[in-house]
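There are 2 protein chains.
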Amino acid sequence: MITVAEHRARILDAVPSLPSERRSLADALGCVLAEDIRSRWPIPLFDNSGMDGYAVRRGDAAAGAALRVIADVAAGSADDPALGRREAARIMTGAAMPTDADAIVPLEDTDLGVAIRETAPAQITILRQPDTGAHIRRQGEDAPAGALAVPSGTTLGAWQLSAIASAGYDEVLVHRPPRVAVISTGSELVAPSTTPLRGQIPESNSVLLAAAVRASGASVTSVSTVADDPALLRRALDEIDADVIVLSGGASVGAFDVVKAVLGGERGVKFDNVAIQPGKPQGFGMCESGMLAFCLPGNPVSVAASFEMFVRPALRTMAGAGIIDRHHVKRIAAAAWRCPPGRVQVLPVIFDDETVQPATSGGSGSHLVTSLAAASALAIVPADVEHVNVGDEVTVMLL
Amino acid sequence: MITVAEHRARILDAVPSLPSERRSLADALGCVLAEDIRSRWPIPLFDNSGMDGYAVRRGDAAAGAALRVIADVAAGSADDPALGRREAARIMTGAAMPTDADAIVPLEDTDLGVAIRETAPAQITILRQPDTGAHIRRQGEDAPAGALAVPSGTTLGAWQLSAIASAGYDEVLVHRPPRVAVISTGSELVAPSTTPLRGQIPESNSVLLAAAVRASGASVTSVSTVADDPALLRRALDEIDADVIVLSGGASVGAFDVVKAVLGGERGVKFDNVAIQPGKPQGFGMCESGMLAFCLPGNPVSVAASFEMFVRPALRTMAGAGIIDRHHVKRIAAAAWRCPPGRVQVLPVIFDDETVQPATSGGSGSHLVTSLAAASALAIVPADVEHVNVGDEVTVMLL
Numbered sequence: 009m010i011t012v013a014e015h016r017a018r019i020l021d022a023v024p025s026l027p028s029e030r031r032s033l034a035d036a037l038g039c040v041l042a043e044d045i046r047s048r049w050p051i052p053l054f055d056n057s058g059m060d061g062y063a064v065r066r067g068d069a070a071a072g073a074a075l076r077v078i079a080d081v082a083a084g085s086a087d088d089p090a091l092g093r094r095e096a097a098r099i100m101t102g103a104a105m106p107t108d109a110d111a112i113v114p115l116e117d118t119d120l121g122v123a124i125r126e127t128a129p130a131q132i133t134i135l136r137q138p139d140t141g142a143h144i145r146r147q148g149e150d151a152p153a154g155a156l157a158v159p160s161g162t163t164l165g166a167w168q169l170s171a172i173a174s175a176g177y178d179e180v181l182v183h184r185p186p187r188v189a190v191i192s193t194g195s196e197l198v199a200p201s202t203t204p205l206r207g208q209i210p211e212s213n214s215v216l217l218a219a220a221v222r223a224s225g226a227s228v229t230s231v232s233t234v235a236d237d238p239a240l241l242r243r244a245l246d247e248i249d250a251d252v253i254v255l256s257g258g259a260s261v262g263a264f265d266v267v268k269a270v271l272g273g274e275r276g277v278k279f280d281n282v283a284i285q286p287g288k289p290q291g292f293g294m295c296e297s298g299m300l301a302f303c304l305p306g307n308p309v310s311v312a313a314s315f316e317m318f319v320r321p322a323l324r325t326m327a328g329a330g331i332i333d334r335h336h337v338k339r340i341a342a343a344a345w346r347c348p349p350g351r352v353q354v355l356p357v358i359f360d361d362e363t364v365q366p367a368t369s370g371g372s373g374s375h376l377v378t379s380l381a382a383a384s385a386l387a388i389v390p391a392d393v394e395h396v397n398v399g400d401e402v403t404v405m406l407l
Numbered sequence: 009m010i011t012v013a014e015h016r017a018r019i020l021d022a023v024p025s026l027p028s029e030r031r032s033l034a035d036a037l038g039c040v041l042a043e044d045i046r047s048r049w050p051i052p053l054f055d056n057s058g059m060d061g062y063a064v065r066r067g068d069a070a071a072g073a074a075l076r077v078i079a080d081v082a083a084g085s086a087d088d089p090a091l092g093r094r095e096a097a098r099i100m101t102g103a104a105m106p107t108d109a110d111a112i113v114p115l116e117d118t119d120l121g122v123a124i125r126e127t128a129p130a131q132i133t134i135l136r137q138p139d140t141g142a143h144i145r146r147q148g149e150d151a152p153a154g155a156l157a158v159p160s161g162t163t164l165g166a167w168q169l170s171a172i173a174s175a176g177y178d179e180v181l182v183h184r185p186p187r188v189a190v191i192s193t194g195s196e197l198v199a200p201s202t203t204p205l206r207g208q209i210p211e212s213n214s215v216l217l218a219a220a221v222r223a224s225g226a227s228v229t230s231v232s233t234v235a236d237d238p239a240l241l242r243r244a245l246d247e248i249d250a251d252v253i254v255l256s257g258g259a260s261v262g263a264f265d266v267v268k269a270v271l272g273g274e275r276g277v278k279f280d281n282v283a284i285q286p287g288k289p290q291g292f293g294m295c296e297s298g299m300l301a302f303c304l305p306g307n308p309v310s311v312a313a314s315f316e317m318f319v320r321p322a323l324r325t326m327a328g329a330g331i332i333d334r335h336h337v338k339r340i341a342a343a344a345w346r347c348p349p350g351r352v353q354v355l356p357v358i359f360d361d362e363t364v365q366p367a368t369s370g371g372s373g374s375h376l377v378t379s380l381a382a383a384s385a386l387a388i389v390p391a392d393v394e395h396v397n398v399g400d401e402v403t404v405m406l407l
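Chains A and B, in that order, are what the protein sequence lines are.
Residue 9 is where the first sequence starts when you use this note's numbering, and the numbers rise one by one after that.
Residue 9 is where the second sequence starts when you use this note's numbering, and the numbers rise one by one after that.
It should be emphasised that the hints constitute simulated quantities derived from the structure, not laboratory data.
From the three backbone atoms N, C-alpha and C, an ideal C-beta is built for every residue, glycine too.
Accuracy of the hints is not assured; some may be wrong.
[What the hints assert, rightly or not] Chain B stretches covered by chain A per the calculated footprint, using a threshold of three residues with CB under 8 Å from any CB of chain A:
no., segment
1, 31-37
2, 72-80
3, 185-196
4, 214-222
5, 230-243
6, 328-334
7, 346-356
[As the list claims (entries may be wrong)] The following label-pair restraints were derived from C-beta to C-beta distances:
no., chain 1, residue 1, chain 2, residue 2, range
8, A, Val398, B, Thr403, 41 to 51 Å
9, A, Thr202, B, Thr140, 28 to 38 Å
10, B, Thr403, A, Arg76, 41 to 51 Å
11, B, Pro24, A, Arg222, 25 to 35 Å
12, B, Arg346, A, Asn281, 55 to 65 Å
13, B, Gly273, A, Thr202, 51 to 61 Å
14, B, Arg76, A, Glu362, 35 to 45 Å
15, A, Val398, B, Leu156, 21 to 31 Å
The shape of chain A in the complex, shown without the other chains (with noise of 0.2 Å):
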């Protein structure tokens, strides 16, 4: 038996992150940056309003000063209006600062002059005097052009494409999220919308992974169902395309375990007995065909847990994250469980904000499908621990 930490370790050292590749940013969402995005540009590019108003000469803006309004600074104009003593520009939110102005009038500290709309008033009346600067956004006081606006290793949500739009770029450089096939073994298995027979059981493990897959920001090439047949699975792998293959079933001890009889073949693949409950039976390595292969054992509640432990953190290294871990949180315990000595549990669980407990009552067995369903996190238990008691202070991973 090794530790959890050792098969772990085992899989991080066997797994590199996968070449970068250029994706426009409609594409790019949830992958990891493969470069420092630096800005083209001074953030703001040039000085403009911060608001919709007038720009002045702060000097001719006294409270009831009357200004001439002698031309329109409209969003996106390159217009640089001269201002003479007394005149004003029209001036939106975002547009470029004339040369001779140097404050914003906002609208509302304005009479707001005679119309409003379509055509810019004659003239307007000045209601509070702006301070010097007042509302102009100056050239590069967000950034200087070549400031580091997104670094390397981040993964890639809304807010940061937009801040690499903005640098001015509309492709980066990410890592390639893992291309993973998926693989049930067993024969019992059948169709869930089919009517099983006796010894049969409808078929969920390649479900919960492919959505786990692609949850975690990978894709998914492939989903397929095999029968504890060696011949049958070693034509399935061998028609795979895929960085990754996960495979469920058949990696225990057992006369029948067709995934130990064809990858226990591989040199590379080693099948351990791990510190674990559930999902003490687990195979890794690398095919000869160079695909890494993840072999967990049948049980959805194992499917589920190993995948959270072992294959998801090795996805992610792929995918080029810095960050590989789900966020942890600590709980109190609000009911007493029981925990397999030696092994580490990873128990589904409900928690709040401050406590935690079983997602089913039940027991916990790895067999429990229908605690993966209520629950919403993965109570993580040291492998000294026997006995949980109402109180004690729990680890919680949460999806």
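Once you've looked at the hints, dock chain B against the given chain A.
Chain B only, in chain A's frame:
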């Protein structure tokens, strides 16, 4: 000026949850279930073995007893071998229990017999007597037939999809996720990869909105940028086929505020000043076409804040979600900052397990696009707070 709560209530009152549709499980990740899923069968479906090992009559299986192995029960097999005195059946995890057996002896509690691969051993010796019922998973012990497996209203993650498959379904009724069109308005906007002239800036709001819409689980039907020209905007709007249009820019009181000029003519669309910073000028309502329109201000941080405060809750409501808001936590301010009097402040922040601080030290201006790149959350400061001091407790909306 209306309050944030008033604007939000007006939006949520007007927003329907969308009709439901049937989807395959592979296509339902992130959708909200529109029906109760009840298990078609008891789970487990039949008494089965929880371990690889031997199905025995417990009374025959004292430590040291030698049992004749008379059958092999593989996973998926419908066999029900009769067991006589001192007979055992080799059985795989998940395989149906022989009716005559009342316990499982795991492989590791036997001498493994003669051969453990391919051919079953003719005889095994028991090392440890099992308890009655040991390692038998009983039919229905997880859930009886008809039990509620996943309730209507659940957002479907990998675990819930797996439970639905186990319950016997390969399709589900889900709320249709909203289809959203994104329009950036502004004559100053140019494609990010071009070199802007005086007065021009790279268009980034549509990048932000499209990604934020997708990340919310909705789909993006079109993304466009339109100059400040009512005829062009009218034409762009006429071409849209979506449930929701999210516009940025042109919602204020400026002379060229094209969104207000065009959509202000729609009876159902209302423009308000909302007591929020950034994001004060907001438009919302139903167009005559039946599409809902959100008219957001044009600054990137305003767009980000408005999306999280107003648009995303509406999209989640349309998608049928019960929980429409992001998770909020409390953190202690590690820096001081000023807040606008009388307006809720929505500030891009960074945070750790204990503290929170603004994502940039440069200020809280709505144009600080770089603050978005660094931020991973929004601080939400109530309208009556004018200054956050170091040590103050702050509400943080996690993304």
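> Against the structure shown, which of the earlier numbered hints fail to hold, in ascending order?
Replying inline: 2, 6, 7, 8, 14
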